[in-house]
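J.: Per my numbering, the first sequence runs over residues 1 to 376.
Do not rely on the hints blindly, as some may be mistaken.
Pairs of lysine-lysine residues, derived as BS3-like cross-links and limited to a Cα-Cα distance of at most 30 Å, are as follows [to be verified]:
| id | residue 1 | residue 2 |
| --- | --- | --- |
| 1 | LYS220 | LYS250 |
| 2 | LYS282 | LYS250 |
| 3 | LYS251 | LYS364 |
| 4 | LYS83 | LYS341 |
| 5 | LYS220 | LYS251 |
| 6 | LYS251 | LYS282 |
| 7 | LYS250 | LYS341 |
| 8 | LYS341 | LYS364 |
| 9 | LYS282 | LYS220 |
| 10 | LYS247 | LYS220 |
| 11 | LYS364 | LYS250 |
| 12 | LYS282 | LYS83 |
| 13 | LYS253 | LYS83 |
| 14 | LYS282 | LYS253 |
| 15 | LYS253 | LYS220 |
Here are the computed distance ranges between Cβ atoms for each label pair [what the hints assert, rightly or not]:
| id | residue 1 | residue 2 | range |
| --- | --- | --- | --- |
| 16 | GLY137 | GLU264 | 42 to 52 Å |
| 17 | ALA56 | PRO280 | 34 to 44 Å |
| 18 | ARG367 | ARG240 | 38 to 48 Å |
| 19 | PRO187 | ALA96 | 18 to 28 Å |
| 20 | PRO187 | THR72 | 22 to 32 Å |
These are computed hints drawn from the structure, not numbers from a lab.
A virtual CB, placed ideally from N, CA and C, is assigned to each residue, including glycine.
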Amino acid sequence: MQASSHPDDFPACHDESGADENGADKSGAGTADRLLAWYDRNARLLPWRSPPGTPAPDPYRVWLSEVMLQQTTVAAVGPYFDKFTRTWPTVHDLAAADDAVVMAAWAGLGYYARARNLLACARAVAALGAFPDTEEGLRALPGLGAYTAAAVAAIAFDRHAVVVDANVERVVARLFAIDTPLPAARPAIRAATATITPQRRAGDFAQAMMDLGATICTVKTPRCLLCPLRQDCRAAAEGRAEGLPVKAAKKAKPTRQGRAFWIERIGPGGTAEVLMVTRPGKGMLGGMRALPDDGWSARGDGDGQAPLAGTWRSAGVVRHGFTHFDLELQLMVGEALSAAKIAGAHWWPRDDVENAGLPTVFAKAARLALAGTQDI
DNA sequence: TAGCCGTGGCT
DNA sequence: TAGCCAAGGCT
C-alpha cells in the first residue's frame, strides 16, 4: 500500500506494458481516448454547451457560463444563464448595460465580485472588439483566473490548454493516487493532468473530466464500477478512491451578531417606500443593494447602532450562513425622525421589494418585515 | 499565501 | 442536523 506521494515520485513510472505496479494503465493516449469515447456517448446536454463533435459554442456563452459556474452548481446557474443571455444576447449588449441592473440580475447567485468583474470584462472585450482567442489573452481579463482562461481557450477556441478545476483535481488525484493533501498537491495534480490532456479535443476532454467528476467520480461513494477510466485508476486498484484527494482541515466558523433596519416612509407619489443603500464596491456583498445595517462583518459583530435617529422595535431574527461565518441578524423596524444622510441611500417601492435585487440575507430580512414572521 | 467572498442542495 | 461541497478569483 502506498504510504504517501510527493512531487519527486510523480509522474508514476511506466514499464513497457504501460501498467504500473498496481495494474493501473495510463500509458500513451489511452486514458484520454477512453474518456472521450465515454463523453461522446454520455455528455450532459447543457444550455451553454454544444454536443461533442459539433462546432464550438459562442465564446460569450462559454465565458458567461464559466464565470457563473465558479463554485456554483449547474442547477443554480441554469435560470441565471437563461436570464442573462435573454436580456443581453451579446457581450456588447452586456457591456452597455447599467451596473445596478446587472448587479440586481445577479442577486441570489452569490460571490458578487464575479458580477463586478463580469461587467468590467464585458467592457474590456467590447473595447477589444472580441474575446481574445488565446489562454494568455483571456487570462489578462478581469475575473478570469487560471482555470477559466484555460477552459474558455479550450472549449470556445479549441486551444490545447490544461484545464484544472475541483473535478479534475479529484479525478486526477485518484487516477494517480496522489496522497499529498490539498492545496499542496496542486502542482503535482497539474503536472499529472498535463500528461493525460490530449493535443486534440482538449475542450471536450476538459468537459468530459467535469462530467465524470459530477456523475461517476463523485466526492462521496464514487461509482467506480461504472467508470470508463477504472483500468487507468491507481486509487480504484487500491480500493481507496473515496479517500482521495486528502484535504486540509477547515477552520471553525464564528457566529456574528448584527442588526439591519427597515425604515419606511410615504414617498412623493403617495406610496410606501423602504430605505435602501448601495453597498461599497469592494468587500462583502460589494456593489449590491441592501438594507442599512450596524456594520457587522466577518471580523466582528455590529455596533447595534441605527444609521439615523428614530425609535425601533425588533421584528425578529434572521439566521444566515456565509462561507466563513454565520450571522444572526436582528431586524429593527421603526420610523426615522430625521432625513437619511447615509452613503448610497435611496428609497425603493415597498410593494416591489422582491425586485430590488437584494442578496439572500437581506431578502430574508425583507420577507420577515413584510410578513411579520418572528423567525426565518 | 492564506484569508476573504454566497448560496442552496445533499448526506 | 450540521457540515460539506460546487466548472475559483483576488489580494
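J.: For which of the previously enumerated hints does the structure constitute a violation, in increasing order of number?
T.: Result: hints 4, 7, 9, 13, 19 break, sorted rising.
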